[in-house]
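Here are the chains, one letter per residue:
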Amino acid sequence: MADSPPLRLAVVLPAYNEAGNLVEVLARLGRIPVDEIVVVDDMSSDATATVARAAGVTVLSMPFHFGAWTATQTGLRYAFRHGYDCVVTMDADGQHDPESIIALVEPIASGDAEVVIGACVSRASRQRRLVWRYLRWLSGLDIADLTSGFRAYSRRAIAVAASWPATSFDYQDVGLLLLLRRRGMRIIEREVAMSARRDGKSRIFSSWFQVARYVAFSSMHGWSKRADSRVPPRLPGTTRA
Amino acid sequence: MTGLNLLRVVLALLGLGIGFLMVYLVRRERLHGNYAAWWISVSTCVIVFGMFPRVIDWIGALLGVRYPPILLVVVALLLVLVKLLTNDLDRTRHKRKLRYLAQRIAILEHDLKRTRRD
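As you go down the protein sequences, you meet chains A and B in turn. For the first sequence, position 79 matches number 75 in this note's numbering, and the numbering has no gaps at all. Heads up: take any position in the second sequence, counting from 1, add 34, and you land on this note's numbering.
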């Protein structure tokens, strides 16, 4: 059997005021064989965009600040438009190890999955684990690390994540994962190592109000669309009966 | 003029005032389509029920409502709730479109800069 052509791979990093972390993150990424690195500047007030441009990567500048998911989706839409076969999304705060990208991409390249989540359950606080447990119970999703932004998407999955219904999500977790399931995507997890954040502040769990907002929004998606978690995966090239 | 007749005249003038204001706003392109139709309907109802309050008594009797004026209050509240809901549905749609436009701008700006460089 002829070897299939190598995957065209892009890495997307949504970034909001990450000028301090970005230099090192991009330097480490530069050692990984990827076709394009895309930093989506979510209207940062610091030198995030300048630092990214100086590193020679693609920079997309959002005209307004919308949050991590909208910035990530912008990168996914860009990658889809430019014909990439696989996109890895990762945080720009140094938490995700670029060396783990190969482990995430392998199942996509072999056709075993459409979405691979880089999971690191051991990093989670008790508060976060409680939220995961609750959302798993509510939504029916059997995913250990629900909030990990370190993911690889196949082209089919990129099309779903970049689609119109995904535009109004505020987070990339329960709502997006249920949408991917509904469209028949195979979602698996791969254990990866994660470092502590440089500045120690979570975006989602930065305050009790943010936690409450996240739980409320995710609960609405989880409860209203829980049936989607039971949709069987659909292999590429097949249609649902 | 008795108190009741004065009230009728005031309500009729109020209704007419709202109606003329809506027509003015539509002419100046400040109020559009469905929203203008809603407010013109509101002004029509204010005129009709203000000038002919017996209509509420008649409708109340037809529906078996013991105290007909409360029917107007209940219906008005329900319509306000419906209006609030449709406003939020509109805003959700607009929010989605705004995000999509912002994303397209970011991508197109980058592609344009790249084309100019090449």
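What the hints contain is simulated information worked out from the structure, not anything from laboratory work. One thing to keep in mind: the hints can contain errors.
Short derived list, chain A residues pointing at chain B, Cβ under 7 Å [as the list claims (entries may be wrong)]:
#1 56
#2 58
#3 59
#4 61
#5 62
#6 70
#7 74
#8 76
#9 118
#10 122
#11 123
#12 159
Chain B is faced by these chain A residues, among others (derived, beta-carbon under 7 Å) [what the hints assert, rightly or not]:
#13 13
#14 17
#15 121
#16 124
#17 164
#18 167
Here a beta-carbon is modelled for each residue, glycine too, at the ideal position from N, C-alpha and C.
Hints, verified against the model:
{"no.": "1", "hint": "56", "in the structure": "holds, 4 Å"}
{"no.": "2", "hint": "58", "in the structure": "holds, 5 Å"}
{"no.": "3", "hint": "59", "in the structure": "holds, 5 Å"}
{"no.": "4", "hint": "61", "in the structure": "violated, 10 Å"}
{"no.": "5", "hint": "62", "in the structure": "holds, 6 Å"}
{"no.": "6", "hint": "70", "in the structure": "holds, 4 Å"}
{"no.": "7", "hint": "74", "in the structure": "holds, 5 Å"}
{"no.": "8", "hint": "76", "in the structure": "violated, 10 Å"}
{"no.": "9", "hint": "118", "in the structure": "violated, 34 Å"}
{"no.": "10", "hint": "122", "in the structure": "violated, 34 Å"}
{"no.": "11", "hint": "123", "in the structure": "violated, 29 Å"}
{"no.": "12", "hint": "159", "in the structure": "violated, 11 Å"}
{"no.": "13", "hint": "13", "in the structure": "violated, 17 Å"}
{"no.": "14", "hint": "17", "in the structure": "violated, 21 Å"}
{"no.": "15", "hint": "121", "in the structure": "violated, 30 Å"}
{"no.": "16", "hint": "124", "in the structure": "violated, 27 Å"}
{"no.": "17", "hint": "164", "in the structure": "holds, 5 Å"}
{"no.": "18", "hint": "167", "in the structure": "violated, 14 Å"}
Hint check: violations occur at hints 4, 8, 9, 10, 11, 12, 13, 14, 15, 16 and 18; the rest are consistent with the structure.
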